Amino acid sequence: MAEQGLLSGGWDRMARNKRYIVWFYVLNVMLAWLGAGAFQNQAHAMLDHSAYAEKLVHGFDFSVLGEMVAKPEFGPTAASAGPAVHFMAVFFLATALFLPGVLQGYASTYRLPREEFFRACGRNLWRLIRLLIVAAIVIGIVAGVLFAIQGAIGKKAAESTNELLAPELQFAGLAVIFLVMTGLRIWFDLAEADVVLSDQRAVRRSVAKGFRHMSRNLPRLLTAYVVATLLAAIILLGGLWVWVKFVPASRVWAAVGVSQLTLLLLLIPRFWQRGVAVSYYLRAMVEPIPVQSFSPEPVPAPVEPVVNELPILPVLPNIPPPEPQGA
Amino acid sequence: MKAMRWVIVFLPVATACVITIAVREHAAHAAEPQGAVAPAVSAPGNARAAVARPNDNALSIPDTTVAINSATPMSQRVVHYSIDARYNAESHTVDASEVLTYRNLTGQALDHFPFHLYQNAFQPNSTFVREAKVAGNRDTSYDHWQAKEYGGEEIKSIEVVGQGDLTSQLKYISPDDGNKDDRTVIELPVPKPIAPGELVQFKLVFQTKFPETQARSGWKKDFVLGGQWFPKVGVFWHGSWNCHQYHAMTEFFADFGVFDVKLTVPANEIVGASGLRLAEATNPDNTKTYTYRGDDIHDFAWTASPRYKVKEDGIFQGKMGPVHMRILMQPAHWSQVERHEAILKASLEQFESRYGPYPYKTITLVDPEGAAAGGMEYPTFITGGTSWFMPKGLHEPEIVIEHEFGHQYWYGMVATNEFEDAWMDEGINSYTEVKVLDTLLGKNTSVLDIAGGTMGERELQRDGYASEADVDPISQKAYDFYDFGSYGGITYGKTASVLLTLEGIIGEDTMARAMHVYFMKYRFTHPTQEDFLKTIEEVSGRDLHWYFNQAIYGSPVMDYKVLNIESFPVNWYEDKKGGFGKDDKDRLYRSYVWLQRKGDFVMPVEVEIKFDNGEKVREHWDGVSRWTKFAYEKKAKVESAEIDPDHTVQIDRNDFNNSYLVKRNAKPARKLETYWMFVTQWMAQALAWWGV
Chain A
0 MAEQGLLSGG WDRMARNKRY IVWFYVLNVM LAWLGAGAFQ NQAHAMLDHS
50 AYAEKLVHGF DFSVLGEMVA KPEFGPTAAS AGPAVHFMAV FFLATALFLP
100 GVLQGYASTY RLPREEFFRA CGRNLWRLIR LLIVAAIVIG IVAGVLFAIQ
150 GAIGKKAAES TNELLAPELQ FAGLAVIFLV MTGLRIWFDL AEADVVLSDQ
200 RAVRRSVAKG FRHMSRNLPR LLTAYVVATL LAAIILLGGL WVWVKFVPAS
250 RVWAAVGVSQ LTLLLLLIPR FWQRGVAVSY YLRAMVEPIP VQSFSPEPVP
300 APVEPVVNEL PILPVLPNIP PPEPQGA
Chain B
98 MKAMRWVIVF LPVATACVIT IAVREHAAHA AEPQGAVAPA VSAPGNARAA
148 VARPNDNALS IPDTTVAINS ATPMSQRVVH YSIDARYNAE SHTVDASEVL
198 TYRNLTGQAL DHFPFHLYQN AFQPNSTFVR EAKVAGNRDT SYDHWQAKEY
248 GGEEIKSIEV VGQGDLTSQL KYISPDDGNK DDRTVIELPV PKPIAPGELV
298 QFKLVFQTKF PETQARSGWK KDFVLGGQWF PKVGVFWHGS WNCHQYHAMT
348 EFFADFGVFD VKLTVPANEI VGASGLRLAE ATNPDNTKTY TYRGDDIHDF
398 AWTASPRYKV KEDGIFQGKM GPVHMRILMQ PAHWSQVERH EAILKASLEQ
448 FESRYGPYPY KTITLVDPEG AAAGGMEYPT FITGGTSWFM PKGLHEPEIV
498 IEHEFGHQYW YGMVATNEFE DAWMDEGINS YTEVKVLDTL LGKNTSVLDI
548 AGGTMGEREL QRDGYASEAD VDPISQKAYD FYDFGSYGGI TYGKTASVLL
598 TLEGIIGEDT MARAMHVYFM KYRFTHPTQE DFLKTIEEVS GRDLHWYFNQ
648 AIYGSPVMDY KVLNIESFPV NWYEDKKGGF GKDDKDRLYR SYVWLQRKGD
698 FVMPVEVEIK FDNGEKVREH WDGVSRWTKF AYEKKAKVES AEIDPDHTVQ
748 IDRNDFNNSY LVKRNAKPAR KLETYWMFVT QWMAQALAWW GV
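Chains as they are written, first to last, in the working numbering: chain A, 0 to 326; chain B, 98 to 789.
Worth flagging that the hints you see were computed from the coordinates, not collected in a lab. These numbers come from a predicted model, not from an experiment. Just so you know, nobody snuck in bad clues.
Straight-line distance between alpha carbons at most 16 Å, and here's what the computed EDC-like set of lysine to aspartate or glutamate pairs gives:
1) K300/B <-> D192/B
2) K70/A <-> D560/B
3) K574/B <-> D273/B
4) K406/B <-> E162/A
5) K318/B <-> E158/A
6) K155/A <-> E167/A
7) K764/B <-> E53/A
Isolated chain B (complex conformation) (with noise of 0.2 Å):
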């Protein structure tokens, strides 16, 4: 009787428990759009709870973990894409079939889906090249076409599984611009939609021509880089797809999931790839095959060259185990290899300690042929950029490299809209590389630091806002930007500078912490700026509103001056002769310090005034009005007034009339005049030594 009253009672509370569990769980995949915000700090178990289980049509997404230091997945994995490709290297053109299995997270049933055909855009009528040719470019400025800048990437066919062959169904659009002549994106309508929770398998053959290294992807003599060489699903993101055109200043957006890459290329090819490298194979035809898988990422890069020398020893103990470093060096440049592992150690060391641990078990660096492929970031695999000369004291090297590798982070993990929010990836970047490089190569040296020549990268990055301040704001899309100059000056220099000066706000430490929580927040997810801002806001407990709105969404431009100082005897009027130049210690002064507000950009400033006795003062000043003024009487004029003493703002337009000497210091422009007159009259003596 007992029991049965135990019966009578557990059965309804099971039930009822069983239903709300379901419920929750259909919700919860309802309301979720694809990328929303993972619970991430717990991300691991949280991700294998997430891992979708074989369905009615026995399609699934592995949870395989063999390719990074987890014992569960790390992200919601979204997409599998399993790739047999081959690499003619004469041709310069990939020959391969894509099984790309989809897990539809949408919470909606899907009809359609577009695919990013990235190699399209190397083709003269494309967006890329119509806005390279007015917006300017990195690598070319695309005068005169040559075939050898041709990039292709062709559906053969496609097939749904279950639902036969569309390739008929492809249609190309051009949700941006409207291009009819752009190509980069691909859209597949579904015959029968792909209920929500379904997973769904698409099965193509194509073919891609790389174009002479452009944008970081395609060969250049003997190399090559595969980057964004396959088609690629576009991203369901807050409720509605996100496949952009590939534009002259975008990257990409993609969503993670699980990579297995067969690639064959020439036996004599040296390869370095995304991912983990299972196996190797020689085959019959004098070729070679090589087996890679990638967990948790969203982009698949190679490279292969036949000249590449690689130094593979090197490990770094992370905090989630040992990460396997390979460099693949040009033979030129192998002299500097130590110099790419110490830099690439020391970042991955770095970056653990202050946002977060690497779990991938391997990062390639490879040094490529050309600066066209250098300087780029892809899943567990970037390109440096260097060449034959590089002098220890010039940082180029080491100045990429970290770049490229906090990628990793912000894109690799924080994999943010590249194409939307460029200053989430590029310019998070760099202020953590001003962060990375201060630490590791000094503050005002971490770029150069030759025979007394000094440049930091705080300042490098501040002269690369100061000379576009004005054209764009840092949240416009990335293909809104004026031109290739306003896009680097604002995303990678301003955002930089914003973040540096909020710093000075909430405080060094908290800043760091709020990256740090930032990082294990929204790592494996695709946050939008608004995550990011509202992080450091509830990290640092602040409303940042007025900062943020002008800083990030808007464009005006901070620019404070001091005006004007004066100083004069207060019984100035007795003064018969001698003048006000004669020093009397018992004189009293009246001063005034004036200072502006010369740009729109309003924020409360320091100001340090100096006077002749020593004495100093610091002022507090909310910045609203055009002007304020402060006036003192003291026994001492006014020597010199500063504002930010503690040089906290990097985003002040101008740093020449933050301060003002009462007494001309002409030193500086002395030394200038020295090195101004060696040039010219060394260049006079030259001139004459070879013309009479």
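One chain only, chain A, in its complex shape (with noise of 0.2 Å):
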């Protein structure tokens, strides 16, 4: 089956460029680790000497917590929470950032060298930020007409006699917002990869090319990415699970591998993503080959029996051949 077929192209490019899901992960909780950097100071200075902060060890109450937040001591909440939320903007443009070169290490037929890596990065960053912007305005606008309509339901239905019409539609209506921002997912990732892999520098070609592919073909790539979606929510919930299930509320650093092991799991959905507009890419968006004819002079009969040269065709850098429809 088709989908399969993207599903599993998408999974082997992923598979083959697994580094490229630990560096993001080691980026992930660097940076994280950096923004986290205020609010362990502010919690071993209240918790460290205090009997009372072994009921978090035991157990978790909530109240402790509370507690400690709620003191002058432990500071302002925004104090440990502003860096961390300075540090996932990083990591977010730090995704942007190194995204052309995992691109173009999809669609490489080989290991791709840190050089040629870090020259797609480069290469593309100005490309790949107005893209962003592009996108950050579509999906802007979409996301901000979706969730006003939802709430407007929402708020209608809240008047119903009926409790349960308002979270049914609330979650059908999250369910459609899903959907939709997959959609518009699909179609920015087969921007990006078509810019980055076509060398495309007007960036509005790749966001139209890309817009006409998703939706000649959503019912394809949307399954696909719904798909990936959905090992995410299982990674998720079932990391979730044994943490909670497996984990003595003692054991600190069970509880570390655990969680870090789940992030890690939660990044291959994502790169399954890319895999599958990359081979889809590929597989139907690559722009065939200009193949200039070539004509040669006439040339006087033979004196001495000559070598025929092989024509020289124009190379692009690093797109494999096309793969086979149905690979």
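Using the hints, put the two chains back together into the complex; each one sits in its own frame.
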């Protein structure tokens, strides 16, 4: 089946380049750790020498947490949350920065050397930023409209005497928003793949091309993306379940292990989606390579035998031949 | 002759007895302010004695006991309300006639009567709304006035039997703040004062318009909660009328009596109300009339909705007789009905065993539409609070129901003045809520017990207090609190914490006994805060003024702290190298532990000092000076010190500094870090997922 082909093709690319996931995970951990610095300092200052803090170790007493956060000694919540938010933004920008290298690596038939990875990152940085701005505008407008509609429907539904109507419509609305946003994500993922792999300077062309392909092949692509998202949900819920069920409350390092493993695995679905986008690009979006007709000058009759030269074709860097359909 | 001698002796004695009894009876009525303490342990008998017989003008207050499990009335019945009301579900209005019979037990002639018109609070210029705009409110901040928020209560006519129609004499008064636009209290002068011991009857016609639910009263969709919906006479208390305006942070105060209410509603409405339902009749105009009787209650509330699902087969076998539990649920919450019934029944059991019998024949539990009508108490009628999604480990419905049921005792029967002494109903009720929920749901899990995360009611109450500790004293009048947060944190949280701490001072059993005595002594009366505090002192046999003056009447904050710990070898000067960190079991150490009183609240405290050889020492500090120091010379260093090692003090604002561990224990903070990292990493990933 075509969907399976797209999914398996994407999975293969992701699996062949597992190192990218590890790098991104390391980046994620490092930035979060830096962002958690203020919180760590505040928490250690409050808790390290207090017997009362033991109530957080054996079980987890929310009232102790609440009391800690409310204490002036802990400092304002913004002081601990602020750096975390800043480092989240840094991770976002870092993802944008390194994404072209990842796409290039996924498209490559060989292990992409470091220089090529970073060259792709640098070459496409400004294009990616322009693309992100376009995406932010489109996604922002669509999300704003959808959430506004959902809010209005929810408000209206709340007037119903059927109390369940409002939450049911909210959930249905969220499902629709999820599907629409996933569609938009596909659009811009394809545009990103096109910008990077076609070396496309005119971002608007990639945006238009991405939209064309997304709209023409929405069911296939959407199915693939939703499957990957479901995997993410399973990983998240499964990780939390294992954490709650099997990790004793007082085993902090075991909790660190389970939580970080969950976060590492959570990166897989998104990279899988990237793999799907690249697979689709190579299968359906690569423009035919123009082959120039070569008409040699008439050659006088050979005096001596000569060796025929192969025609020289223009070479696009790092673009493998298109995959056969249904691979 | 012999018989004559007996007559001569008997007649003067008998005459003297009759005169003495008559004088005493008169003096008792004259001296005893209305609502003063009835010798209530034997209340039924005495209450019966106090029941008025028809007087000259043939007025009377019924001594019926149809709605209670008692052969005799249990309260001094001051009022009898007979109301015939018709509810219009389209306009959310009630048109009614009310006959109020009032017995003057004040010991003095009464020439004017104030009435509460509570629904007038929901008007833009009322004191309630003015205060709510600045001090906050549970349900709405009144940012923009909306027509649906309007409520009103108008007396169309009032007649005093024997004195004629006095409607023109009515005038609005604002005894608390002089707000001329506030119409929540209206006063009626009567041309002929009502003499002590006499009864007077008022005949009123009134209309009430409910707002969309606010302050646990009003309509929402097709639901209505009829609370504070009829003109209600004030309470003559401590020598004058006590009839406060309705404030944003106040509740209510009323006299005990009998309620006969006929309520006519559209035929499709399902109705619940205070008291006992006596009759139900279908009318030709597609309405139904329900007749209710309430004995020994001081308010009457009702609800109607066509969508209620009802469970009414539950019976609690109380000490005085069976109690019928009637539960009206929203259809979307029907799956939680067993949960509601279980906590209601368990609360009845707990209160009966701890404090005293529940005398009424019914208790109605309403699961209302929307949060603004939830969590409210009226006599024999309470509203809960839940939603369609309510995991079993989240005990919100249990907490609300237990709390509101508790008000049947602390408000319903021990009817304190909620305008002035809010802590005596909300606070004492919060304390008993902690005690009951500790027993029923676990000390540390009574609020939350999900996936390893826990929270207990006592800590929740304490956290509420700690955030508002230095703003207002407990004894503040409810309408004088700084804001709604302070009212809640102090009235509920601080009172509960203060009484839990009191357990540590006088003992848990003594405190339990004091609460039982207080309930039995003051049920069906209007006790003051001094009555409550005096009862605790009497039962415990201890002078507790030092505690009450600070904890109840004052606002000092308690914060004791382990300031510092130092241990060093006695022969430190001989230690050339190697430092003091080397363990040497024969080495003698000099250790000091400093404690500090950071707050203004002075209280003796215990401290437990642990040494690194396992030895523990308990010290007592009177807590008066700003700091103190304990010194030791032992072959061990101090490992830790903890103030209040038995955790009996609930009012220390900061529990973190009550102990000090010399050796750092980073585990709790690391655990929090783990959670924090997980959340921030996941959020960063999600942001990148959708954004790039």
